[in-house]
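If you read the protein sequences in the order shown, they are chains U and X.
Heads up: the first sequence at position 192 corresponds to 191 in numbering that gives the first Met the number 0, and the numbers run straight through without jumps.
Heads up: the second sequence at position 237 corresponds to 236 in numbering that gives the first Met the number 0, and the numbers run straight through without jumps.
Take the hints with a grain of salt, since some may be wrong.
Derived pair list, reagent style DSBU-like, types lysine-lysine, alpha-carbon separation capped at 35 Å [said to hold, decoys possible]:
1. U:K31 to X:K52
2. X:K297 to U:K355
3. U:K308 to X:K52
4. X:K267 to X:K297
5. U:K355 to X:K335
6. U:K76 to X:K133
7. X:K137 to U:K133
8. U:K122 to U:K70
9. U:K100 to X:K52
10. U:K133 to X:K133
11. X:K3 to X:K64
12. U:K122 to X:K3
13. U:K321 to X:K297
14. U:K227 to U:K264
Honestly, the hints are just simulated from the structure, not real lab data.
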Amino acid sequence: MKTSLAIYSPQALSECLSSGAHDFDQLLIHVKGLSRLGTISLEQLSAYQDFPCDICLVWDVLMTEEEFQEKKQIFDKANDLFVSRLAWRVVDMGAIHYLSKHDPIVNFEVDATTGFHNSWALKTLQTFTGPALKKIVLSLELPEAELREIHHDLHTDTEILALGPIPLFYTPRHLLQRFHAHRALGKSEETPHSGFVIEDNSQGTFMWLPKDLFLLDHLDEIANSGVKWVRFDCPLAWAREGAQVVRRFNAGPEDWRAEALLLKKKYAHPTIKGFFKANRTDSLFTKLKNQTLRNKNIGQVGEIIDLEKGRFMVARLKSGVKLGDSLAMQTPEGRVNPLQLRFLRNSLGEELSEAKAGDLVVIPHVSGACVGSVLDRV
Amino acid sequence: MNNKFNRPELLAPAGSLEKLYVAVQYGADAVYLSGQAFGLRQASDNFTLEELKEGLAFCRQKNVKTYITLNSHFHGQDFQELDPFLALLKSCAADALIISDLGVLEYVRPYGIPVHLSTQASCLNSEAASFWGKMGVKRLILGREVSLREARNIKERSGLEVELFIHGSMCMSYSGHCVISNFTSGRDSNRGGCAHSCRFEYSLDLGDDRKGPSTFFMSSKDLNGLDLLPLCSEYGIDSLKIEGRMRGPLYVGTMCKVYHEVLETLEKGPASQKLWQDWRRRLEKMSHRDYSQGSLLKPADLESIYDQRESEENLYPFAGTVLEAMPGQHLLLHAKTALSPGDTVDIVTFKGEDISLPITQLFSIDNRPLSRCRPSSVIKLPYHPGVAASMIVRKVLPVSVHP
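All chains, please: the whole structure from these sequences, using the hints.
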């Protein structure tokens, strides 16, 4: 298992390079102007000639057409400065396209945390980008079982966040500007969570979950699923302790998990494991929706749109009926009662011997029926 | 005839079969809709397979295009039920699929149905457009952050059709990049379960001593691009989309009628100020969160934030749909709200002036006089010329209710 560390500020970069960079296999340097949160300028970065590990510059902003033209200039400048040892990490499909056809070839990684939750998408991405694609950052929404499934078809290295805040929201609009603030903690009575961290900077506004993701106690499952890299997105001191856990894990069957749990206990923020064990966020509407009425085979004759108990029902027909037909009425709850068309009338009150699809008809009331009930042949 | 006016397609939401009929009859050139799965509006009624067949057949008969949303972010297991659905869409001759996921795009390729890239993919620039073009996409539904000028450039540089949202609710986040619902409500916003957390009221701790303004700081005003239609035409935008599959028939009908009327008028020549005022007034009548032009002209800024609690108040509520109009006999109305003699309703005609109809008498379907009808009942009103089946009806509230 390899480790990468996200670095956002010149201070963090300086601290890391002077004391901790050897602990990691890769530094993810968030460049000012190209990264959502980074404040490290190219000038500051160019002061460092040697890095003790691989570096990858992060270009994770999303860009409209005009912004993209500006960002390309920053990219070109950075690429010229670090041409030999550089990889890029990108999110915007435009940046992916731009890098994949760049001449000379530029190695890059794709942050596929949104919209690439299946093998079909990842394989297609892998095929399109070719050998320049060095790593794919996978979504936090993929549980272990899906991670395993995805890796069957993937030969590119993958990475997931192991320790750090969970990003929730990204807009180019400046939502804190009118409060003359750049940072805030948000709380809403409509959600049980409080303390959402909100940041408004030159790239827009961002929000994170109050609890950080912590997966270091699941390193064995992560490795078994096929993930090769874990990322630390936290202050250096915590990341170094995390990297120590990974080294212990890599070294063999020692009790790395105890060390991970110890770190979890003393970590600065509350933590969660997110969706790593299960993701059931697609199940709610299936439960709430009336599956009886969603059944494609019911309601072929029509639907009740009004009724008067004991007297009549008004039905909108989807297929023709005849006076005397035997039908079944089914309520939205699934209860079925028989119904015989003892009378069949139109809106003028005229008796009909038959009616066709699209007609509105007045028919006998049947016990238990309600608006929304449907009619079928017996 | 003004040859300079390049008329964009008017694309309307069809959250249910009923709303599809409304959209088509009020002037939509195309509708977008979803089956029971795979779309981003799982709370909407959406279409059963039988309804899909019926709706698509009706649209084909009326020469209206149908675009089916498959724009959720698929996980592996979501593909399991996709094949039968795609086969049905193929057999019903759906005009296009709206897709955001690269995997789905690849998966549907053998079916040969044209693909429109969903706004959920946040395609914002011509490089991204070129990528999607190489993947076989025919049309780009551009991110709402893209300006009209940028949309024109993307179209020119990619050679693909471009579609823009012109009216309706807007995500505050880059579409597809918001997972607040996922982590706080257990509902996948990118699989149709968005809990609209951006519409919540938040109290903000700004640090220092500045504690807690309560604010709807993440809520966006609604988009209204009515005044920009001439520019949309000039820039060659191919399709203009009205958001709102969760909205009711009155909204769908009104939007389609107004926007259709504008496009039809502009096709013949410039419109008078009086007409523009009338169109604006009619859009104002619809319940909305205050309008903004979003990022269509310049990046959306502070002015685009709707810092208010959402109101249920509706000055022109939906009163129902005309089921039958029998000359000399009656109008049969499927009333959705309580109505009494003395009330006035507006019949929203398919074209031209709406009809104001004071209710003098009210009958049940079996001709008993009613002093008041309950919501969701079928009632009769005296016949009125010009009223036709399927027209939508809104209730005019007393003047004292208006601000």
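Would you mind confirming whether the straight-line C-alpha gap from K122 of chain U to K3 of chain X stays at or under 35 Å?
violated (45 Å)
Does K297 of chain X sit within 35 Å of K267 of chain X, going by the straight-line distance between their CA atoms?
It holds: about 29 Å lies between the C-alpha atoms, which stays within 35 Å.
Decide if the proposed pair is consistent with the structure: K308 of chain U and K52 of chain X, CA atoms, cutoff 35 Å inclusive.
The given pair, whose Cα atoms are some 33 Å apart, holds under the 35 Å limit.
Check whether the Cα positions of K137 of chain X and K133 of chain U lie no farther apart than 35 Å.
Distance ~30 Å between K137 of chain X and K133 of chain U Cα, so the pair holds.
Within 35 Å, alpha carbon to alpha carbon, are K122 of chain U and K70 of chain U?
holds (28 Å)
Between K133 of chain U and K133 of chain X, is the straight-line Cα distance small enough, at 35 Å or below?
holds (21 Å)
Holds or violated: are the alpha carbons of K297 of chain X and K355 of chain U at most 35 Å from each other?
Violated: K297 of chain X and K355 of chain U sit about 54 Å apart, past 35 Å.
35 Å limit on alpha-carbon distance, applied to hinted pair K321 of chain U and K297 of chain X
violated (62 Å)
Between K100 of chain U and K52 of chain X, does the CA-CA distance stay at or below 35 Å?
Outside the cut-off at roughly 43 Å; violated.
35 Å Cα cutoff - pair K355 of chain U, K335 of chain X:
holds (25 Å)
Does K264 of chain U sit within 35 Å of K227 of chain U, going by the straight-line distance between their CA atoms?
holds (25 Å)
What's the verdict on K76 of chain U and K133 of chain X, does the C-alpha distance respect the 35 Å limit or exceed it?
With a Cα-Cα distance of about 28 Å, the restraint between K76 of chain U and K133 of chain X holds, given a limit of 35 Å.
Violation of the numbered hints given earlier is confined to hints 1, 2, 9, 12, 13; the remaining hints are satisfied by the structure.
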